[in-house]
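Just so you know, the protein sequences line up as chains A and B, in that order.
In terms of the working numbering, the first sequence opens at residue 1 and continues consecutively.
In terms of the working numbering, the second sequence opens at residue 1 and continues consecutively.
What the hints contain is simulated information worked out from the structure, not anything from laboratory work.
One or more of the hints may lead you astray.
Stated by the list, open to error - 35 Å max Cα-Cα, derived DSBU-like pairs, lysine-lysine:
| hint | chain 1 | residue 1 | chain 2 | residue 2 |
| --- | --- | --- | --- | --- |
| 1 | B | K31 | A | K28 |
| 2 | A | K28 | A | K60 |
| 3 | A | K56 | A | K28 |
| 4 | B | K41 | A | K28 |
| 5 | B | K31 | A | K60 |
| 6 | B | K41 | A | K56 |
| 7 | B | K31 | B | K41 |
| 8 | A | K56 | B | K31 |
| 9 | B | K120 | A | K60 |
Stated by the list, open to error - Footprint (simulated), chain A over chain B, 3 or more residues, beta carbon under 8 Å:
| hint | segment |
| --- | --- |
| 10 | 3-12 |
| 11 | 16-27 |
| 12 | 40-53 |
| 13 | 63-75 |
| 14 | 101-108 |
As the structure is a prediction and not an experimental result, all values here were calculated from the model.
Glycine included, C-beta positions come from ideal geometry on N, C-alpha and C.
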Amino acid sequence: MIFAASLAAAVVIVVLSATALALWYERKLAARMQTRIGPQFVGPIGLFQPVADLLKLVQKEEIVPMGADRVLFALAPPLTVIFALAAAAFVPLWPGVAVVRSDVGVLLVIGFGGLAMVPVWMAGWASFNKYALLGAMRAVAQSISYGVPLVLAAMVPVILAGTMDLDGITQFQATHHWFGLWPIIPGLPAFILFLLAMLAESNRIPFDIPEAESELVAGVTTEYTGMQFGFVYLAEYVHTVVGAAIGSVMFLGGWDGPFAPGLHWLLLKTLCLFTFIYWIRWTLVRLRADQLMTLCWKWLVPAGLGLVFLSAAWNQTGWSR
Amino acid sequence: MDSYLTPYLPVLILLVIAGVMCTAISLLAGKLGPRRITSVKEGAFECGNPSTGDGHARHSVRFYLVALLFIVFDVESVFVYPWGAMLHDFQAQHLGWFAFGEMMSFMATLALGLVYVWRKGALNWSADVNS
Chain A
1 MIFAASLAAA VVIVVLSATA LALWYERKLA ARMQTRIGPQ FVGPIGLFQP VADLLKLVQK
61 EEIVPMGADR VLFALAPPLT VIFALAAAAF VPLWPGVAVV RSDVGVLLVI GFGGLAMVPV
121 WMAGWASFNK YALLGAMRAV AQSISYGVPL VLAAMVPVIL AGTMDLDGIT QFQATHHWFG
181 LWPIIPGLPA FILFLLAMLA ESNRIPFDIP EAESELVAGV TTEYTGMQFG FVYLAEYVHT
241 VVGAAIGSVM FLGGWDGPFA PGLHWLLLKT LCLFTFIYWI RWTLVRLRAD QLMTLCWKWL
301 VPAGLGLVFL SAAWNQTGWS R
Chain B
1 MDSYLTPYLP VLILLVIAGV MCTAISLLAG KLGPRRITSV KEGAFECGNP STGDGHARHS
61 VRFYLVALLF IVFDVESVFV YPWGAMLHDF QAQHLGWFAF GEMMSFMATL ALGLVYVWRK
121 GALNWSADVN S
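Make the full structure from the sequences, and use the hints.
Here you go:
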């Protein structure tokens, strides 16, 4: 129990520092894609920029708008970070070790991912601002819609490995093949589907309708200032980092890899997925709200149902063992 | 505490640690930040225009429809999970094809439901777009 508790503390610290690094990394990456240099003055090659951002945000004035629900307004931003962090507890870090190894890990991870929408809605409602409310509405509608393909895509590794334990899924991949690679037919499309749904759940481009600044001012964060805004911003990155980690656990073999201990491989795969997600972010444009819903319900949900069928059929053939 | 929930205690610890950290930063921000409140600052921000109407404006009933669809499809998809996890065991007991057939008929019903809401137009986000 003491080991698990200290591991929990370590996971919080590691995820938050990884997120701080990710903030810097993403800005550098974006800058390079746009032939800019990006942050470079704070620390070596601008590495301490997130720290400087934090120090700046902490010193800013916090404004509570008139008519706002003060309790919900203050509570929502820290909760977004807390819930986004919670899913990290179930990620297997190296063989057999996670903060919590649960038989229903996949469901819990998806559940905490969905729970992260509650504070977003709280923030939108409490702000007493039309645009914040509309942004929250869109965020929740989008998140629950894409929850369906997410659940269906995550079912493919569960069926192939025959377990809902995240570490069990990784173990199966380590002794057989990574599901992103083999069986290629339910595996790779399911991975792509999972990635798309995860992007939509963490409101990343091309699915960042909830913060479409040309339509909604700044969506949920419109009335937030200083560190309160910082929390919502941070939570999005935490969500993406944890989501990338879960994606690599479920489809890319997690800690499995030659030469180096497990954690290195998990971090490397997470970094690769994270890079891919931000590559998409700085390449594609935003979808329209109705296109977003059409894509989800008319393409991804039927595709997800088909993939579950295919993976069950693959399982029936008995070639996976 | 119930022994069934005891293994999940570290999640609670993680949540508490994260909560303490966020609270500490929030309090620090409250202490360090200036406080010069004016009525303009406190008003709802709408790109500089004076705000009109209620902050809790009415919104489209479509959002409600999405919530309904979510309940139907997500909850029923979650129902499939235990079957997915048990499939290897079913096969070991030579019940593989039976389990496969049973769940596929359930999934077919689910797909039929999707076709139904599709034909009813519940999946069209805006009424004038008939795609």
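Hint by hint, which ones does the structure fall short of? Of the numbered hints given earlier, the structure breaks just one, which is hint 9.
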